[in-house]
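A.B. asks: Chain residues, written in single-letter form:
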Amino acid sequence: MNVEEFGSRFARVRAELARVLIGQEEVIDHVLYALLARGHVLIEGVPGLGKTLLVRALGTVLGCTFRRIQFTPDLMPSDVTGGNVFNQKKDAFEFYPGPVFTQLLLGDEINRAPAKTQSALLEAMQEGSVTADGITRQLPRPFIVLATQNPIESQGTYPLPEAQLDRFLFKVQIHHPSQAIEKLILKNHLAGFDATALKKFGLQTLCNAEEVLEMQDALSGVQISDEILDYITDIVARTRAYRSILIGASPRASIALLNVSRVRAAAEGRHFVIPDDIKMLSPAVLRHRVVLHPDAELEGVSADDCVTAILREALVPKTIAA
Amino acid sequence: MIFRLLLVLAVASPQPVAEEKKPETPQALAKRILSSSRYEFCHDPHYVLRKREEKWCSLVDEKSDVCPALAAACKSPKRRADDELFAWNSQGSTPSKSDPVLDPAKPFSFHLPKLDGLAKVLLWALLGAIVAAIGYAIFKAVRDRDKSGKIAPTEEIDESAADVAVEMTRQAIEVDVDRLLARADEKSKTGDYPGAMHDVYAALLRRLEGNELIVVDPSRTNGDYVRSLGSQPELCGRVAEIARELEHVQFGSLQATHPRFDSFRRAVLPLVGRAATVLALAMLVACGSGGGGGCFRSSVGSWDHAPHGHAALIELLIDQKLNPKTRLLPLSDPGPTDKVIVLLPAAVVDQSAMKKLIDWANAGGRLVIIERSVSELGFELTTSSDLTWSQRTVRSPSHLHFKETKPLPNQWTEEVKTPDGKLFSFAQGPVGQGRITLFADGDFLCNGGLALHETAAYVAHFFSQGVEDNRSKPIEFVTEFVGRDAPNPVTSVRRSKLLPALLQLFALIAVFFLGRGIAFGTLRDPVSRLRRSFAEHARALASTLRRASAFDHSLALYATFVIERLREKVHSQTPGLTGLAESVALRAGRPVGEVMRVLLDAQLLREGSPLKETATQDGAELASKLELYLSKVGGPL
Numbered sequence: 001m002n003v004e005e006f007g008s009r010f011a012r013v014r015a016e017l018a019r020v021l022i023g024q025e026e027v028i029d030h031v032l033y034a035l036l037a038r039g040h041v042l043i044e045g046v047p048g049l050g051k052t053l054l055v056r057a058l059g060t061v062l063g064c065t066f067r068r069i070q071f072t073p074d075l076m077p078s079d080v081t082g083g084n085v086f087n088q089k090k091d092a093f094e095f096y097p098g099p100v101f102t103q104l105l106l107g108d109e110i111n112r113a114p115a116k117t118q119s120a121l122l123e124a125m126q127e128g129s130v131t132a133d134g135i136t137r138q139l140p141r142p143f144i145v146l147a148t149q150n151p152i153e154s155q156g157t158y159p160l161p162e163a164q165l166d167r168f169l170f171k172v173q174i175h176h177p178s179q180a181i182e183k184l185i186l187k188n189h190l191a192g193f194d195a196t197a198l199k200k201f202g203l204q205t206l207c208n209a210e211e212v213l214e215m216q217d218a219l220s221g222v223q224i225s226d227e228i229l230d231y232i233t234d235i236v237a238r239t240r241a242y243r244s245i246l247i248g249a250s251p252r253a254s255i256a257l258l259n260v261s262r263v264r265a266a267a268e269g270r271h272f273v274i275p276d277d278i279k280m281l282s283p284a285v286l287r288h289r290v291v292l293h294p295d296a297e298l299e300g301v302s303a304d305d306c307v308t309a310i311l312r313e314a315l316v317p318k319t320i321a322a
Numbered sequence: 001m002i003f004r005l006l007l008v009l010a011v012a013s014p015q016p017v018a019e020e021k022k023p024e025t026p027q028a029l030a031k032r033i034l035s036s037s038r039y040e041f042c043h044d045p046h047y048v049l050r051k052r053e054e055k056w057c058s059l060v061d062e063k064s065d066v067c068p069a070l071a072a073a074c075k076s077p078k079r080r081a082d083d084e085l086f087a088w089n090s091q092g093s094t095p096s097k098s099d100p101v102l103d104p105a106k107p108f109s110f111h112l113p114k115l116d117g118l119a120k121v122l123l124w125a126l127l128g129a130i131v132a133a134i135g136y137a138i139f140k141a142v143r144d145r146d147k148s149g150k151i152a153p154t155e156e157i158d159e160s161a162a163d164v165a166v167e168m169t170r171q172a173i174e175v176d177v178d179r180l181l182a183r184a185d186e187k188s189k190t191g192d193y194p195g196a197m198h199d200v201y202a203a204l205l206r207r208l209e210g211n212e213l214i215v216v217d218p219s220r221t222n223g224d225y226v227r228s229l230g231s232q233p234e235l236c237g238r239v240a241e242i243a244r245e246l247e248h249v250q251f252g253s254l255q256a257t258h259p260r261f262d263s264f265r266r267a268v269l270p271l272v273g274r275a276a277t278v279l280a281l282a283m284l285v286a287c288g289s290g291g292g293g294g295c296f297r298s299s300v301g302s303w304d305h306a307p308h309g310h311a312a313l314i315e316l317l318i319d320q321k322l323n324p325k326t327r328l329l330p331l332s333d334p335g336p337t338d339k340v341i342v343l344l345p346a347a348v349v350d351q352s353a354m355k356k357l358i359d360w361a362n363a364g365g366r367l368v369i370i371e372r373s374v375s376e377l378g379f380e381l382t383t384s385s386d387l388t389w390s391q392r393t394v395r396s397p398s399h400l401h402f403k404e405t406k407p408l409p410n411q412w413t414e415e416v417k418t419p420d421g422k423l424f425s426f427a428q429g430p431v432g433q434g435r436i437t438l439f440a441d442g443d444f445l446c447n448g449g450l451a452l453h454e455t456a457a458y459v460a461h462f463f464s465q466g467v468e469d470n471r472s473k474p475i476e477f478v479t480e481f482v483g484r485d486a487p488n489p490v491t492s493v494r495r496s497k498l499l500p501a502l503l504q505l506f507a508l509i510a511v512f513f514l515g516r517g518i519a520f521g522t523l524r525d526p527v528s529r530l531r532r533s534f535a536e537h538a539r540a541l542a543s544t545l546r547r548a549s550a551f552d553h554s555l556a557l558y559a560t561f562v563i564e565r566l567r568e569k570v571h572s573q574t575p576g577l578t579g580l581a582e583s584v585a586l587r588a589g590r591p592v593g594e595v596m597r598v599l600l601d602a603q604l605l606r607e608g609s610p611l612k613e614t615a616t617q618d619g620a621e622l623a624s625k626l627e628l629y630l631s632k633v634g635g636p637l
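These protein sequence lines map, in sequence, to chains A and B.
Quick note: the first sequence uses the numbering used here, first residue 1, plus one each step.
Quick note: the second sequence uses the numbering used here, first residue 1, plus one each step.
Just so you know, the hints here were simulated from the structure itself, not pulled from any lab data.
Hints are not guaranteed to be accurate.
Listed below are the simulated DSS-like cross-link pairs for lysine-lysine, each with C-alpha atoms no more than 30 Å apart in a straight line [to be verified]:
id, chain 1, residue 1, chain 2, residue 2
1, B, 612, B, 632
2, A, 318, B, 187
3, A, 279, A, 318
4, B, 31, B, 612
5, A, 318, B, 632
6, A, 200, A, 187
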């Protein structure tokens, strides 16, 4: 597959998803970027904004399987990964795969489960495999975790550890739609839209899992110049020296930025990455990978503020001077 | 203009069919044209007529409603003889000695007041002082500039590194669109096509920034600039295409070649040069509104509205749906024959130009010659005192006639002859495929002439005759300005007599350049302001404290400073004041009790107590004692 075919297929998938997820183009883009860059997405937003619908629609359009886990304080790791169960007929333990054995996994309100259960996802997200009783089992490909967390409720929640946060390619903030968009959503429902029957609504399957993998492989044809690498490392290095940031982004952030920028370039039909790719994707890649200084947090400084300021300071390669 | 607008509105408004408007007669038209306030001589009874304009007075009808104020203006006693100021336009008019000269203009002259002795010395001293002050101001400006230019780092620097730094700075701060384009061209000549494309794109961004569409910043990407142009979709799309091509070269595998640079430049230039293009188009429209092969003016505004001017004639012809223009191009090439050329009396036509005009008429053109001897055709201009003017259809006050110098061809006709038949004022006839018309007297074509009885009707009829087949055919009036184009700027300046003004302007620019004219010369960094000395800061702070009546506060600050400095000087590590007071008393040679009391007061002030609660209660005394102690133990530093 060449980059042009990549771009056209991406555009068709995007347009199809936008039919049901009205006004959430940025979220659709980021989810598709993450899927094609073999990453995962942490979505922060209040309930009722279409997160489950997004995964359902994504599974339908891409022809992939999808599962949903509602994270609760009593959720056990085996409830996620699955486990060995004794089969009396066969007189042997059999592995019953958990919901993680899917291609698209929605982890709803992931911060409501204790750290032990959250960590059960670590191997799955990083390695694409699950180990139970010493046996490692590969997860189906492609595999993407879309985890959600509610930003307003703090009681009874377990904030995600930094190690797990770092494994999410993007942290996407999803906001309430505007009044005009909400009116379009209502009209869509009046027209008979049912979130549980997307096929009936006419949502088409445009590709399958193999074709998604093919798209992932096609990214190797996208060039990245040295100047772009310098730009990436400059931005990430600045997060480590910025006054309001206690712990800056890790090299994993640089790699994430590198991978996802290639997706964006290919999605726009380009064989090369440009600085705009890096700049546009940096907030979503970096905002959950930096730890703010306590003083800055008290002053109300957010990670987005820091990243925005860093992007204002970083010099774009081959730009004209002011 | 307003009248035309009203006319259009009147035509547009519904009117009864029975009241269909009759076409306006030329006389009514002339009356309407001259009713404009621009023709001041027709409305102001006190209008000051020039001497050469007074000749209409003998013909003007006091009861005329076409130009009602002209008769009164003729009787006004404020007339003055200043024709010498307008001698360039006085051909054909011969001033008479009998003309009244009521208020001859005096030449301008300036005389110093007649003073004697000391007053005269003082006056000259004052003038000398003024000249010296101006000279000193210029000298001081030059000297200061030299001084500021001499501020340079004292340490030696590597010249090559400095050159690189200067070049980098130039590269970084170049904001001028033209220089960026020129730099791009230079780079393309050296084969640096990526750099050239970068500079062309930089020029585009600078142009957009100049138009306040974007803000250029080194942290902004091309995508940011394109998104900034979102309100203008067409421009946004074109800039996006340009940026994408540049990025393909900069970050992709596309090779920058000369053809690619050329196409890139062609894509950018229309956007960069939009303002220049608009200006050029505006100039073209302004210049070429007359169409045809030259640059003509048909605006009435360019004509004179005085009695001897021709504005009314032009308005009359325009209202007759004719196409009058002023010819500005020289007569050496009259152009196509599908037009009428009218030689006004003031036009400067040499023999070769006249020959070319006659050849042009032979080729099919229509030539109208006014108030000019034409030896080639056998006419000589002469003045007649014949009073049969009053019987003529066309009235003109100059009494000019033609006299034949050789027999005319048969087809030629002579009209308005004197009773003896030797002189005539009008002749016309065919020449080759064209036609020539001769008028002995041109005053009937002036604004003043049109104000007279039937002249307007005759003029409208005459010019309509020449263009029956095509009323858009140009009627080119040749004025005194034709053929007077200067061959070079020096001649132009000489003719316009602008040399003194230009010299003064250049002198002013030179003085300004010497003083402040950075923008005129080679680009250089602006002179940085010297840092204010610490003493100035201290004085400013003291002034601020004084204005705020913060004496206690400032004294407390000073006391704090002195105590800390004294501790440092005497190496007193003990927390209390006793040890410090003993040490200071020992070094200053003062009693310990006194020193202790002063230091205690200083400590109280330091802790925020008011001055009145101290033992000294005199701020000045306390400050002077603290200063004394400080100086005795080694000074403030």
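A.B. asks: Look at each hint and say if it fits the structure.
C.D. replies: Evaluated hints:
1. Of the pairs offered as hints, the one joining residue 612 (chain B) and residue 632 (chain B) holds, with about 27 Å between alpha carbons and a cut-off of 30 Å not exceeded.
2. Annotation: proposed proximity of residue 318 (chain A) to residue 187 (chain B) holds, straight-line Cα distance about 16 Å (limit 30 Å).
3. Straight-line distance between C-alpha atoms of residue 279 (chain A) and residue 318 (chain A) comes to about 14 Å, which keeps the hinted pair within the 30 Å bound.
4. Using a Cα cut-off of 30 Å, the hinted pair residue 31 (chain B) and residue 612 (chain B) is violated, with the two alpha carbons roughly 95 Å apart.
5. Proximity of residue 318 (chain A) to residue 632 (chain B) is assessed by CA-CA distance (about 64 Å); at most 30 Å being required, the pair is judged violated.
6. As the CA atoms of residue 200 (chain A) and residue 187 (chain A) are separated by approximately 17 Å, the hinted pair is consistent with the 30 Å bound.
The structure fails hints 4 and 5 (numbered hints given earlier, in ascending order).
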